[in-house]
Amino acid sequence: MAEMVKLFVNGEEVEVESGKNLIDAIGAVGIEIPHLCYHPALGADGNCRMCLVGIEDGRPPVVPACKTPAREGMRVQLDTDNIKKIQRDIMEFELINHPVDCPICDQAGECKLQDYYMAHDLQDSRMRVPQVTKGKKMDFGCGVVHDQERCVVCGRCVRFTRQITKTGELGIINRTDAARVNIFPGRPLNNRYALNIVDLCPVGAMTSRDFRFKQRVWFLKKDKGICHGCARGCNIFIDHNREKYKDDVIYRYRPRLNSLVNGYFMCDEGRLSYKEENENRLTATMIEGKETSFEDGIQRIQQELNQAKKPLMLISPNSTLEQQWAVKRIATLYGARCSGYSEGYVKAGDGDDFLICDDKSANRRGLQLLDIDCERTTLEQALGECDLFISFDNDPFRFGNNEELRNAIAAKRVIAISSHENTMTEISKVALPVASYSEYDGTIVNINNVLQSFTRAVRKNEERIDILEVTRLLGGAVRDNAHAWPGMKTTVEELAEVHPDRIPAEGLQLSVSEESHVSA
Amino acid sequence: MKATAIEKICSKFPGIACREVLNYVEMTVQPEQLEETLSRLKLYPELNFGLLLDITGIDYLEYPVAQDCRFAVVYTIRNWRDNMLVQVKVPVPDPDKGVPTCTHLWSSANWAEREVYDQYGINFIGHPDLRRILNHWQFKGHPLRKDYDIFKGQVCYDSYSMENEIKNRLLANGVDETTMKDINTEIMFLNLGPSHPATHGAIRIFTALDGESILANVNEIGYLHRGFEKTAENRTYNQVIPLTDRLNYCSAMMNNIAYVKAVESWLGIEITERCKFMRVVMSEFFRVQDHLVCIAANLVDMGGLTNYWYLYNEKEASYDLISRLTGARLTSSFTRIGGMYRDFYDGWEHDMEVQLKAIEKGVSDSLALVLKNRIVHDRTQGTCKLSAETALSYGFTGPCLRASGVPFDLRKDNPYYNYESFDFNVPVGSTGDIYDRIMVRFEEIFESIKIIRQAMKHIPDGPIFVKDHNAVLPPKSEVYNNIEGLANHFKLIFEGVKVPSGEWYDSFEAANGELGFHFVADGSGKPYKLKVRPPCFYIMGGFHEMVEGEMIADAVINLGSINIIGGELDR
Amino acid sequence: MALGLEAALGDSVITTKLDEVVNWGRQYSLWPMVFGTACCAIEFMSAAASQHDISRFGAEVVRFSPRQADLMLVCGTISYKQAPILKRIYEQMPEPKWVVAMGACASSGGIYDNYCTVQGIHTIIPVDVYISGCPPRPEAVLDALIKIQEKIQTESVLVDRHKEYRGILD
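Protein chains in written order, with the UniProt record's numbering: chain A, 1 to 520; chain B, 1 to 571; chain C, 1 to 170.
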C-alpha cells in the first residue's frame, strides 16, 4: 500500500496516494478531472491542456494535473470560474473543426467530447465559417480506420505504437493546425495489438472495421468476463445486446484493467474471438445424425455409460476448475479413465513477450493442478482398450487434423458434449450442446498461476446448461460450482487456502510450484 | 403558511426526522412509531390531516445509495383546510411481516394498501381484505420489485369469481347466510362485467340485489393495467411523456403538463411566462373536453341521447384545433421538460374563440334540456349521496369532492402558473348526489372558458423554451449545423435529462381531481421509480359507499357521474 | 336482354350466386361489437359520431351484446387479466364473425412491452384486419371496415372460418 497524503479538493479534504499524478490520485477517490491525452499506461503528454487545475497559492497557479504529483497539503481547485472558463475554451477549440458526425460515428455514447461538452461546456457554437476538411475513412491496416477530421491530436495512438508495441507505425505529420495523424505511405499498422488503438482513442477518430456501424453503444450491456483465446486470460468486457424477438448476440470484446494479468490491453485475436462465441454453435442434440430433445440425449448418454466397461473421458483445457473437477469425479463414478490430451490447442512459437501465449487454451493449469494426465501416449494406450469415448468440450483437432488420431477415435463409440460444431461432433454418435464460457460462471488459472473467477454474461433465448450440470444429470455428486470447492481444496495443495467467494477482482496469485516452470 | 407548517408538524413529533422538500414536509419514522404517528396526524385538531392521498412502496435494491432496508412505504397525506402536505416514510425490514394498516384512520388506505401489496409484496397487518388489485389472481410474484423481469408475462386462464368478497360484504351489511337462503329475500347476484357499455371502460361491478335494490357491492379493477410504473423505470424522463398521455386519455395534455410540472419543480427550472400561460390555456381547454365527455356519456346512460350529440360534437370539432397545434387528435405528448413541443401557430386565438363559442352554445343547449328536466331531477337528485366526511376519508378529490361540499381546489388553495391572478370561481355542491356532480362539472366548464379567455388576453410574447442546455433540446438549426448542438442533442436523447437524486411529490389539479406524481430519482436520466396518484382510483374505491342501498339503475348513472377513465384507474 | 333462365323470368328477377347475395348482405350490414377498453374506444366513438359517419357503411348499429353482433372491434390494450374475458366474448359471438384489432396495443402490444400486456390479440383470437395508429384516426377505422367488406366479398358460405385456430388460452 502506498503512502497516503492529505490534500484539499475544492476546499474539502481527501486522502490520496502520494507520488501519483493528480488525475489518478484524485480519480481514485471518485472525483474526475477531465483529460484527453493522458492515459495511465502511456504516461502524460500534456498537449490537450484539458486537465488544467488551479493550485491555490501555487507556483504556477494553474498546472496540468497529469504532470503534477500529489503532495501533502496541496489545495486543488476544480470549480473556480477561472478553471471552468479554461475548460470551456479548450472544449470550444476542440470542437471548432470537429465534423458534425455524431449520427454516423461509432464513438457516440462513449465519446469524451460529448461527455465533456455536457459536463463542462454547454455553450453555443460561435463558428460562422466553414470547417476545415481532412481525410476520412483512411484504412490504416489491421482493421483500424482513421478519420482525421474527428482527431483531437492527443497522441495516444502514436505513443501506443511507440511505447507499447514498439513498432512505431503511426506519427503526427506537419505542424500546428495542419497536424494530422498518419502512417508512412506503404507501411500500414502491422502488429497484433493494433485494435487497442480503437479503445485508446477518446473520440471517434480511430474506429474498428469489425465493429463499425454494427450497434449503438448505449444498447450494449457491458458485462465482465475473461477471454478464453489463450492461457493469458485477459480480463474483458463482453458487450452484448438482445434485440426484441432476436437472440442475445455479442458485439465486441474490450479489455478491462487488471494490473496482475493483462494491464490495459489485449491482443487482436482474443478481441475478435467473440465471433466464435456467436457462430458455429451446436444448437440441437443429435443422436446418430437425427435431431432429438436434450432429455433424450442425456438418457442415451446415461445408457451408454451404464453399458460401457472401459469408458474414456476427455476433459477440456478450456473448462473451468469446477467443471474439470466434476468430470474427474464422474469418471471415478463410472470407472472411466480421464485424459486432458489437448496438444491441438498449442501453437508452438506463436506466443510473444507481451500478452500472447503459445497455449490457446484458457485453463491448462487447471488440468495440471487437478492432476489430469495430458500425455499423448496415455491417451493412445487408453484409446486402445476403451469402448466408449466421451469428449467434454475438448476438440483435439482444433488447429489441425490429425488423421491417424481421428480414425482411431472414430472407430470407437464417440459421444461429444460440445458447445461448438467441430470435428468431434461430426464423428460422434451422440452430440449434446452445452454452454460456452460467456454463458457460465467459474474459475480458471492462467499461465502465470493467477486464479481468476468470472460470472456469466450472455443469456441466450434457449439456455444451455454447462458441463457441471451435465455431470450432475448423469448422476454425478457435484451439484454446483460452490459444491465443487470443498473437494478441490482438500485434494489440491495450491487451492487449500482459497476462499471461493472471496477471490479478489484482480485475481489471486497462487503459490508458484515446480510444475509452473514446465511449459505446457 | 409554509414556513410554519414544518414547525407545526415537527413540534408535535419530537425525535422524528423531519425535513422540508419542495413545499411540504417529509418525515421518516420507524415501523414501531408508525401507528402512533399516523393517528396523531389524523386526529390532533391542530394537525387534522384528513385526506390520505396515496400510499406507495419503494424497492431500493438497485439504488446507488445503500439503504438500511430494501423496502420502504411512503404515505402522502394532506390537510386540505390549511394547505399542508406531509409524507411519512417508513422502512420495512421484512416485507412478509409488513407494517400495520391504517384503514381504520382513512378508508382510502384500503385500496392503496392492496396496491402496494400487489406490486411490492409488502404485507399490511390487520388489513380487512388484502388481495391483488391490479394484477390477475393467478399472478405469481410482485412486478414492481426490481428483480422481477419486466418482460415476464403471466397468462391468466380464468376470471375471478369474487364469491367470498360479496358474501363478506353482505355480512358486513347485515345480511347473513340464513337471510340469503330465505325464499322471500332471495338474493340475486348481478355482474356488470368488464365488457359492458355502461362501465365506460373495463371495470367489474359485482352486486347482490334484492329485487332492484343493491344490498352489497364489490368492484374489481385492473383490467387495463398496462404497467405504466414499471415501463417508466426503463425510459428517460422525456420518453415517459407519451406514456402519461394514455393515463387519462380524455384530457391527455393535462397529464403531460402535470408530469412535466413535477419534474421541473425538482430540477428548479422556472419556465417562461408564455409557456405558463400556454399550459394554463391548454389544461383548461382539456378540462372542458374531459367534462364534456363525462357529462355526455352520463346523460346517454340516463337515456338523453340528444345531449351526446350536442356535447360530443363540440369535442369532435375541437380536435381540429388540437390536431393543428399538436399534430395528433387525442394523445398529444405536447409538453417537454422546460417548455412545450412548439409554440402556438398563427391564428390560434381566432380558432380558440370559435371553439369556445361553439362549446358554450352546445353546453347551453344541453343545459336547456337538462336543467329543469323533471326526469333528470328525479333520477339524480338525492341518489347516491356521499357526505363530505366519507368523501374525504375515501381520498376523493376534484369535482366529486367539491360536489360533496368540500371547497378544495388546488388551483385556489395551492396555486401555480399564475392561477392566483385569474378571476374564476370554484363551484361547490351541497349534498354530494349525482345531480351535484353533474352540475359541478357543467359549471366548471363555464369557469374554465372564463379562464381561457382571460389567459388569451394576457398571454405575453416571448420564447417557449427555457434556455437550459442541461434539460432542453437545442433548436434544430443548431443540431444540424454545428457539433455543439448535435452533441447536446445526442446526450439529452440517449441519456436523458439528468435529474439529481432524491424523492419528491408534486401534484396538479386535473379534470378528475388531484393528479400527483411521486418520484424517486437516482441521478441518472431515467426515473428510479415513478408513482402516479390517480384521482379516479380512490373515487372508485368509494363507489360501494355510494351505491349500497340504491337501485341498480342508479348504480349505472353513478358510475357515469364519477368519470372513471380506465387508463388512469389501472395505469 | 338477359339470357337463358333470366329471359324467361322477366325483368323483376335477377339471378346470381348464393355466395354473392349472402356476402352482399353481410358486408353492408355489419353490426359491430365494440370491445373498447382504452383510448382507441374514444376514437371509435368519434368514428361513430356525425363527422366521420360510420353508418354510411351500414355499421351504425353498435351492439354491446356479442350475441347480436358479427364484427368485433377490439379497441384498446388487452391485459392478461382481460384476455380470458375477450376470449369468452369472442366465443359467444355466432358465426360468421370477423375481428378487427384496432390500434397498436391490440395489434402487437403497442408501447407497452411488459408483464401485463398481451403482445397482440392474435395470440388469443384470430384477427382479420389490423389497424395501426395510437390511436388511429377515425378514417383508418373506416378504411379497415372497407377492407373487411372486401374480404367478406371473397368468402364462401360453405367454408367455416378459423376452426383450427389455437391461441395461448386454448
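Since the hints were derived computationally from the structure, they do not count as laboratory data. Treat the hints with care, since some could be wrong.
What the hints assert, rightly or not - Heads up, simulated DSBU-like pairs for lysine-lysine below, C-alpha to C-alpha not over 35 Å straight-line:
id	chain 1	residue 1	chain 2	residue 2
1	B	140	C	163
2	C	163	C	87
3	B	167	C	163
We went through each hint and held it up to the structure:
no. : hint            : verdict
1   : B:140 <-> C:163 : 32 Å, holds
2   : C:163 <-> C:87  : 14 Å, holds
3   : B:167 <-> C:163 : 40 Å, violated
Going down the numbered hints, you'll see the structure goes against just number 3.
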